[in-house]
Amino acid sequence: MPYDYRVFPEQNFVVARFFGTYTASEGVDWVRDYFADPDFAPDQLQLFDWQNISEFDATYTSVAGLVRAISSDYARVCEGTLCVMHAPHDLGFGMARMYQQVADDVLPTQIEVARSEHEAFGIAGLEALSFEEILPLAS
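Heads up, the sequence shown is in my numbering, so the first residue is 1079 and it goes up one at a time.
No wet-lab data here; the hints were simulated from the structure. If a hint is listed, it holds; no wrong ones were tucked in.
Cβ pair distances, simulated, as ranges:
| no. | residue 1 | residue 2 | range |
| --- | --- | --- | --- |
| 1 | T1099 | C1156 | 25 to 35 Å |
| 2 | T1137 | G1098 | 13 to 23 Å |
| 3 | R1084 | T1139 | 28 to 38 Å |
| 4 | R1154 | F1086 | 11 to 21 Å |
Computed from a prediction, not measured in an experiment: that's the story for all the values here. From the three backbone atoms N, C-alpha and C, an ideal C-beta is built for every residue, glycine too.
Could you build the full structure based on these sequences and the hints that come with them?
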């Protein structure tokens, strides 16, 4: 699963865009890359864009394994830190909700799932119009 992300330290948020085939193991890679970023902050708003994921190679078991694998990393995150997942397509929305339910009792984040960019930015309190505006995908 290719991904790109950018940390905005002045505004205290990170945007991560995922595309291609999603796998839980690559989800662990993303978390470790982000937490190693020098601009990471424990209370940083996390905004994920799943609109360009074409396929999910993940099951409930692999998502639960992902949450277990990242739980020690997420111990560094402040309780209640907001994580907004933009998942406009039915399959992605279902996967995001499953992640939310599995992670809810394990990770310190407050996870919200949104179908539209407008809704995602509203939950996040950001005035952006699109993910492409914030973090254009390489063509």
